[in-house]
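Line by line, the protein sequences give chains A and B.
Just so you know, this note's numbering puts 680 at position 680 of the first sequence, and the rest follows in order with no gaps.
Just so you know, this note's numbering puts 592 at position 592 of the second sequence, and the rest follows in order with no gaps.
Rather than coming from a laboratory, the hints here were simulated on the basis of the structure.
Incorrect hints may appear among the rest.
Same chains, same label: a pair holds when it works inside one copy or across any pair of copies.
The list that follows gives simulated cross-link-like pairs (lysine to any residue, SDA-like), each with its CA atoms no further than 20 Å apart [claimed, not checked]:
1) 298 - 453
2) 19 - 266
3) 568 - 4
4) 591 - 456
5) 75 - 574
6) 205 - 503
7) 86 - 325
Residues per chain, in single letters:
There are 2 protein chains.
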Amino acid sequence: MKEYRLIGKRLPRIDARDKVKGRALYTDDISMPGMLYGLILRSPYAHAKIVKIDTSRALKLPGVKAVVTGEDTAKVKFGVISRSRKFIDEYPLAVDKVRFIGEEVAAVAATDPDAAMEALDLIEVEYQELPAVFDPEEAQKPGAPQIHEHAPGNISREHHMKKGDPDRAFKECDLVREDTFTTQSAIHAYMEPRAALASWDLTDKLMVYTSTQTPYYVQQHLGRTLGMNPDNIRIIKPFVGGGFGGKSDGLSAVEFSAALLSKHAGRPVKIVCSRDEEFTAARRKHPASITMKTGVKKDGTIVARQSRAILDGGAYCSLGPLTTVLMGTFQTLPFRFEHFQYDGYRIYTNKPPCGAMRGHGGPQVHFAQDAQLDMIAEELDLDPVEMALKNGLKTGDESAAGFKIVSSGFAECLRKVSEAADWQDKKRTEKNDPKKAYGIGLGCGGFPSGAGFYFNKTTSAHSSVIIKAGEGGGLSVLTGASDIGQGSDSVVCQIVAEVLGLPIEDIHITSADTEITPPDMGTYSSRVTVAAGNAALNAAKAAREALFKVVADKFEASPDDLLAEEQKIFVKGSPEIYTSFVDAVNLYQKKNQGSPLVVKGSYNSPDPLSPTYSFGAYICEVEVDLRTGELTVLRYTVGHDCGQPLNPMSVEGQIEGCISMGMGYAISEDLRFDGGQTLNPSFLGYAMPTANQMPKIEITHVVTDDPHGPFGAKETGEGSLDPVAPAIVNAVYNATGVRIKDLPITSGKILQGLKDKDR
Amino acid sequence: MKEYRLIGKRLPRIDARDKVKGRALYTDDISMPGMLYGLILRSPYAHAKIVKIDTSRALKLPGVKAVVTGEDTAKVKFGVISRSRKFIDEYPLAVDKVRFIGEEVAAVAATDPDAAMEALDLIEVEYQELPAVFDPEEAQKPGAPQIHEHAPGNISREHHMKKGDPDRAFKECDLVREDTFTTQSAIHAYMEPRAALASWDLTDKLMVYTSTQTPYYVQQHLGRTLGMNPDNIRIIKPFVGGGFGGKSDGLSAVEFSAALLSKHAGRPVKIVCSRDEEFTAARRKHPASITMKTGVKKDGTIVARQSRAILDGGAYCSLGPLTTVLMGTFQTLPFRFEHFQYDGYRIYTNKPPCGAMRGHGGPQVHFAQDAQLDMIAEELDLDPVEMALKNGLKTGDESAAGFKIVSSGFAECLRKVSEAADWQDKKRTEKNDPKKAYGIGLGCGGFPSGAGFYFNKTTSAHSSVIIKAGEGGGLSVLTGASDIGQGSDSVVCQIVAEVLGLPIEDIHITSADTEITPPDMGTYSSRVTVAAGNAALNAAKAAREALFKVVADKFEASPDDLLAEEQKIFVKGSPEIYTSFVDAVNLYQKKNQGSPLVVKGSYNSPDPLSPTYSFGAYICEVEVDLRTGELTVLRYTVGHDCGQPLNPMSVEGQIEGCISMGMGYAISEDLRFDGGQTLNPSFLGYAMPTANQMPKIEITHVVTDDPHGPFGAKETGEGSLDPVAPAIVNAVYNATGVRIKDLPITSGKILQGLKDKDR
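Construct all of the structure, not just a fragment, from the sequences and the given hints.
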């Protein structure tokens, strides 16, 4: 590996101190004079016609400045995947009908939050309740309530893919297993609830501060739904307290209502969702039922896969049509399949819409896949690690879904974790304590480093960065990329600083302000490090080229002979011949009649699927109390190939975060419903792991130095989640002999499994 | 004149509606979480040593989070004209010594304004009073108190210029007059007091919102005085409620104290000056004593001028060293002098520092010049208008100070106003009413359209503009130019829209945010329309060129054959062959792999003095109550040559504002002192004209279509002030025979003059 000055170093985030000390400003921290407080009225019915809405009493309440309903809108539907008309199925405020409990029906803005709350009660909505359906199997049956007119059988999306001839191939296999796995309803539970502050000015320009992953989509979708040129809308993303896919829908009723209320009231309006609203009405992960059939040779070589997934989509599309695809394609990572078939069905139900959540379909199918492979290995008396090594995708391979593997450290991940975890010995640990049992399990994953396409029609590059040099040698870097807590601002600054030989403190970043920064797809599909990183790299190289040109002239050297290091531009091999960086900037200005150095760099994925893929192998160790079924996760040993970790501390943070989130998914997080009513809409009811439940974590960085990533980097924020849950599931089996096929692994299920086994 | 779509049209300002409705955000409208309220402790002595400051009691007061004094600073002096070390004479917070009543000694930040106010009382400052001097004549005498060690005789600046041989020339003149004129202390009285909100973050980067005319100077001077790289300081200029030169010093204790308090407190700090502080301690106009000697031929041809000015500078330099020069050079407009001599002396006194104020030395010397020429005309029995016509600078002339006149509509201004005001008849109006007298008078002016140099060392162009095109066809325009109420944002948008054939609503401007926008000298010396306007023009042309290139390719035409009009790009002569502007932007992106259209344009004055000069002639009509001396201004007839008025409504607004301000200067505004103590620091005591005192105003635009101005425009914001006061003075003389040589023209002076005349 080449040694860099900043790249690959453990650097604190540029915003860490301000965040820790409470100085970072999130949307709710921002106020404007005359600002009103907005609240949203939500449907109490899972499925109903809206017969009439009377806002007159609410409007008469002192302090109330505006009330809006679907009737005040242009009645234009939106949908984040707006390239396909059939995925545009949702009004930002309900028109005529509501389809889930919590759907947005009206919004109110008042001078204080109490008045706004009281006004909600005074909005009189006459509903005519309709029969509702909550189960995706029921929803497909003839005679089931029809949720959308355009979707007979309530099929929101179906997706079919086939490679080779699995049916024929299964006949030639030594072992074919078919299992059905089911997963629960889980949700992002980001720290910062959705929030928007909109100010519609008197020249009909709109400014919206919003907690979003995708400001440029918000700009487009607000434009479409409000009937405005999107360039008249300025979206500013302040600090964001997490998203995990939950703020990537391009629009929500929060932004739309704040904007419309601001227009009506002639004052700025801020809406901040309550935690209850987040749990009951925000996007969430798709619950899925996955029937998976896998055929192998007796040496463990995987030959064929056939699978069918039923996704409980909830009432609207959101990003679900894509999830339906990804639950197929993501099965093709990290293993080779000669024959592969997938049939996915996303079904509308009268529940809150499901969309993207970290891993985006991956956690569901990797749970199924790794659990099933663990069972197959046992049946064939093979070591799961050996079996994974045999089947893992290698550099140069193409997955069954067409993913081109330009670099793969998967095998090395497996070898490293197996050794580091003492896998061979530990998996044979004797189970002779009647009170508690130790177990160890493997989980594997692979993940694209960013989608290679926009969800909407656009001519913009996937990422662009503009750099403007200051006379003091500081650089203003303008990027459309959205730091939502993952640290992309730090990565962009690090890359620019590395290229130009500057300390990171000399880079001043402005990110995700549509009026100022150049377009960027947004923060989703683990794309930002590769895409915005490459755009930053290209912009920094353009700046370097411009500066080298004037410095080369000065030294009568060739630009190729120059180096930018330590705030200086050197002649290679002659460290005494240099100009300081700040002098070079001023020299550039002098040579250009004072014109500031302004350069840009862009990036597009070279592959429409993804430029490159990350890999990982996780070994989990658990202990199960055989009397209570209580499960304790002891340790994770992680091998992760994210190409070149630009900042190992950030990569480790992502992995640790994934382990926490994956553990919650595996063990405790579960949104429960009574019909369409969420039963546990609080942090108390939705049991996320707490800090004291975190296991020991040992991470090995497998460095593959990817040819497409900036400085060789690949993604690490989502792929790291996929192996977490199956590793626990397999460890629980190793400990207890209880095979969990239905998440989460509750102590009740373990006890029941132990009981069934004894029978 | 060429006819344009937007240029030359009466357009409302782009921000007019938001300002009128109170939606525009000024510095005091902006708040941040945890923000503290800052106040400044000021010296009660005109001249004293600071023996000791004890802040301990103040710091103990609940709510007080920081107190800073000169001892907490790096003790670095600043001065806006920082190219010359001798003009850098002021600490942002006093160190060791105070030199005027109101000088900034300490600053405090507290959680509420009351606590901050109380804390001011608890700061214990031990002073040792020193003898003070308040009169510039006294201050020059041997033995006078020495205000600055570096300035013996208290001479802050002297400036001498000579062309030809006035002494010899006077001998050949038919008439030589010498008069001494004196002017009072006047102040800007901008609507918005100075205000700054500083946030020093935990990575040692500083952000300051401030009400300034010169954000880039503030950035530089804050950097210097705080010992920081200026690129680590971000200055944002929100809406500003006027400056008139009073916010052009590059730094004030307000910004500095807010920044330092924020650093100490670890929280944002806002300081807003009270009106009292503005009247007692802010910059103001130089009172001056001008001895002017002018020699003419009997036909009225001016031959020679010799003048000497003594400026009462107050305690520090501010922009006064430049005022000292300008009071000489501005005398050379709008008339020719073959022989010219000027000797200016700016004297330090223990009063608040004087600096730039609208017209910057011009109002003082034009009062003297036009009054004296009126006297000369009377003595020679010549018509003042005819005499002005004979001596006025013409296109191609060079003034005695070296001002190169590239376009002059002065003669046409004179002819037009003379006719419009019925000058020839009215000046002969019989004076036979014992109660009241009618009078008419002429005032003339000429003014540079922007200085041709920065006050600090820099490699930046005088103005730059960056344009970024949005996918919706909207343009983000980034300009360093500071709209302080004069409307430069509107002008920049208008120019870009005109060049690109867009409606002005499609232009989205961000101005004067040092981290985002490119450098600009700032708003002073009436430079912005010409400099930022030309930069905008150049940037817009660069955008047009880039778009024409891709459109020409599409149509297989030459870029030279294209036209941008009505949101379309046409082939000239074939209106049916076009692409919409928005399509052209997207075509550009497609041809450039999605890279956004980002272009820049810069401008430097081609002349180190100024690129071009405006001219004006004003006729004022008054009525004087001969029993009370009460003066009523009846009417102004204005001829103004600002090249091409880009927006006649804005030009007229400037002229009307100048008439109001000039009337105040002529008639009523006068800061009175008892020693160093301001006696009338309020709007009640400082009698600005009110709306109901405004006369009728008739404006004739003399269009000269200047070759250097953008679309032919020249300045209009300062030159329009110069003729206002002398026109009144001459009208009063015409009415009453009372010659006022000492401003303001109070009714007492008129009565005294009438009495003296009768004697």
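Would you list, in rising numerical order, the hints stated earlier that this structure does not obey?
-> Violated hints: 1, 5; rest satisfied.
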